[in-house]
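From first to last, the protein sequence lines are chains A, S and P. Just so we're aligned, residue 64 is where the first sequence starts under our numbering, counting upward by one. Just so we're aligned, residue 248 is where the second sequence starts under our numbering, counting upward by one. Just so we're aligned, residue 8 is where the third sequence starts under our numbering, counting upward by one.
None of these hints come from the bench; they were simulated from the model. Some hints could be false.
[Unchecked claim] Below, in silico cross-link-like pairs of lysine-lysine (DSS-like), each with a Cα-Cα straight-line distance of 25 Å or less:
1) S:K672 with S:K754
2) S:K672 with S:K444
3) A:K153 with P:K36
4) A:K149 with P:K36
5) S:K540 with S:K672
6) P:K83 with A:K149
7) S:K756 with S:K676
8) A:K149 with A:K233
9) S:K534 with S:K602
Small disclaimer: the values here were computed from a predicted structure and weren't measured.
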Amino acid sequence: MSTKQQHLSLPINKVPEGRLGIWILISGELVIFGGLIACYLQYRLRYPQWSEMAAHTSTLIGALNTVVLLCSSFTIVKAHEAAQRKDIAKILTWMTCTIAGGLIFLVDKSIEYTREIGEGFTFTSPHLQQTGDHIGSLFWSFYYIMTGLHGTHVLVGMIAMIIIMFQVRKGKNLHRVELAGMYWHMVDLIWIFLFPLLYIAK
Amino acid sequence: MDAITHKQSFWSKYLFSTDHKVIGMQYAIMGIIMAGVGGFLAYVFRYNLAFPGKSIPLFGHLDAMHYNAFVTCHGMIMVFWVGMPVLLSSLGNLLIPLMIGTDDMAFPTVNMMSFWIFFLSAVVLISSFFVPGGAFGGGWTMYPPFSAGGYVNHNPDFFKALFSGTSLMILAVALELVAMLMGGINFLVTTINKRAKGMTPFRIPIVVWFINIASVIFMFSVGPLVAGAFMLLFDNILGTGFYDPARGGDPMLWEHLFWFFGHPEVYVLLLPALGVLAEVLPVFARKPLFAYKPIIYLALVSAVLSVLVWAHHQFVAGIDPRMATFFSIGTILISIPFAGIFLSFMATLWGGSIKFSVPMLWVLGFVGLFLIGGLTGLFLGSNTFDIYAHDTYFVVTHFHYTLFPDIFFGFFAAVYFWFPKFTGKELNKGLGKLHFWLTFFAFNGTWFLLFFNGLAGQHRRINDYSDFSLVMKEPYITFEKVATISAIILILTQFIFLYNLFISLVKAKKGIRNPWDAATLEWVADSPPPHGNFQTYPEVFHGPYEYSVPGEKMDYIPQNVQGKNDNNNITHNNYEHETAASLVTDK
Amino acid sequence: METIAHNNNDNVIFPDPATDYHGHPHYTKVLLSLLALLSLSLVVGYMVSPWLAITIIFATAAWKTALVMRNFMHLKFEPLLVFIVIASVLLILFAFFFGVYPDVTAVPLDVTQPH
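Looking at chain A on its own, in the form it has when it is part of the complex (with noise of 0.2 Å):
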């Protein structure tokens, strides 16, 4: 009988629980995205008069907003390389950094919506649907929902690395950064298929 528990040398169980419990959110979290994604991707080829629909977002911020992802994924992996060389300092520069593309990501976002809210896209798109089309505004409810639900995401990723950071400032739970990290990477990955859905495909 031992006392202190010991854990089997098989291979998954090599990966820490906090680890492996953010990979399993991981794929719980891409399959309520990716069920979205295909829901969109069926009407997407059905009606291929989204494609006007599509050139009134703006391609320039949605690339902005991808290059912001991409280099917030990048700081944030530093930050994990950091906390495994116990550097504290340096997992908080790089941190802030992240959650500074996290920001920017929704500032830049906030100004698209004003921007095509302003247009009349709307959810419902009320004057699309007055002109009788109904389709291009479904487009609409669909770009909403997704960016939305993303940008909630983003939201509570970066909430969840403030709270980290301070924990990590008393030196606390340095293996967080990783699981936030990961968060954030997945937050980026489905960006990454968001923005060709949403904006080039036309």
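Starting from the known structure of chain A, arrange chains S and P on it as the hints suggest.
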């Protein structure tokens, strides 16, 4: 009673506890309460079906709108707020850490949060009864356009729509799914990482395996539904057109999203109960579980198949008939792994010295009744037969013959089996047997005759059959009355169970550690297990079903006791291959 | 006998940063590859036919995904089972897509226009 290292207040010990046993019991209690609600709803509309137009005792008159709402909510509650918490969350939380020999779940705080999110979801659902318009009444399947506000309005007042029965039901389901997702992650990480020394994957008890497989199926199939639920919610509160054909949407999309999850969901509900069977049968047959590894492989095969057969719920909905062929074949194929599992259970019984304890009665009742349900499912899996039988009482009876034994017989078997472990007290045997036999006969009385109603063409979800004179004539009207009276007896019988629980809980604790002489690890801990479960972490030497091993003195070897043939020299290469050769060779 | 009454990870083996078993790929190189792929997908629409462009755009998206997963999320250092889980997610989504396709996508257009 336990030497815990920190003092716990009332709040942290009983309400916001992170101890998996407390959380497991909280889920079970919520499930029982919600079963009472769902059962009451069923009583009301069943009474209406047998005695149309009459005032229902304890309720009053039932109008069409309330009939629809009650049928809908009965289904929703029984699947999501009784079946899931009681079989998946409660059993998973109570059993997994104890059976794998560890102190608690991998993420205890997340575990606690998952229960309270679940509790919130139940509150939201119940509140939907009391908002203007009442609870949603479009079937638990929530098909648009009815569920998308299609008949009501296209430009709703946002807050009125947000607090309508439909939106509240969608929100309640969404919260419940989130709670179950959190629980599922916990179960998987705990089982993978926190097993006792010596517990290789093929020494894990079947119920733990099956709860984990169920969690995986659940997590992978629920994604599209969560997405679809958001879309349905926005259709309701914002007036979008995701499912509105007039606005470019498609109601068929919702059906696919729903059933893509809805079908694997029934296997998510089934697998934990099958796991309970696998635990109880060897104990009361004093024989090892037959074909332990094949059972696991069969369950994995059925898990994969389960996500490929969903459209058999949509045969007459207007899907492409060529796809119907594909789904029909898949549905009939999926009966094969489950048949294999059942045959293994029967082979476990064969030649055993069977003891008809109360848990064993529930298990045997489960096997018999589920067989009927499963076989009728085969008929429904054929798309041609389903053209006739879809939406008739044949379907309703089929799924009650599967779900009721699954959820209720499975849960009762688990309660009567593990009650001594988690409370240190014993349930009254006589009352238990009475509970079983009355439930068994009342259940069959309620449902068996309704097969014939379904075959005669009686459709479901109709509150008033006065226009259906071709179908609703003798003997089917009498069958309805028999069904209702049996249903009332069925519901009243459950009070015997509640009474048994109550009088047993107020008795003094006996603390018998292993009353059934079972071999799995949870019986090593004290009854009830203290916070932290084990005095010292057990080490495992062999599989979980070593009963009647030839050459041993006792008729079972607990998992943490080394038997004569056990060899725990597990090297990295051959830990999974416990062949006879590796057992015999001295390393 | 001492009772082991723990919660919250007292007996979990935390990855010790000094000996954690995965290495660190060259993150800057990965970032530059990602940005290069992004640039490619932005300009390819002006260069080749629409169908080829779309294929290239989604292929680059998939490639970027693989780069992020393998390097930033360290998937290439994880046990195979993690990759199998992620791959199963994709398979499930394919099953869903092709199961729904005949009923939602492959519907003749005139059926969907409001009359």
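Hey, A:K153 versus P:K36, does the alpha-carbon distance stay inside 25 Å?
holds (20 Å)
25 Å limit on alpha-carbon distance, applied to hinted pair S:K534 and S:K602
Roughly 12 Å separates the two Cα atoms, so the pair holds.
Against the 25 Å threshold, does the CA-CA distance of P:K83 and A:K149 hold or violate the hint?
holds (23 Å)
Take a quick look at whether S:K672 and S:K444 sit within 25 Å of each other, Cα to Cα.
violated (30 Å)
Pair hint S:K756 and S:K676, alpha-carbon separation not exceeding 25 Å:
holds (16 Å)
A:K149 and A:K233 were given as a pair; does the straight-line alpha-carbon distance stay at or below 25 Å?
holds (12 Å)
For the pair we were handed, A:K149 and P:K36, check the Cα-Cα distance against 25 Å.
Since the Cα atoms of A:K149 and P:K36 sit roughly 24 Å apart, the hinted pair holds (cutoff 25 Å).
So if I understand the rule, the pair passes when the alpha-carbon distance is 25 Å or less; does S:K540 with S:K672 pass?
violated (34 Å)
Taking only the CA atoms, is the gap from S:K672 to S:K754 under or equal to 25 Å?
holds (7 Å)
Going through the hint list in order, the structure does not satisfy hints 2 and 5.
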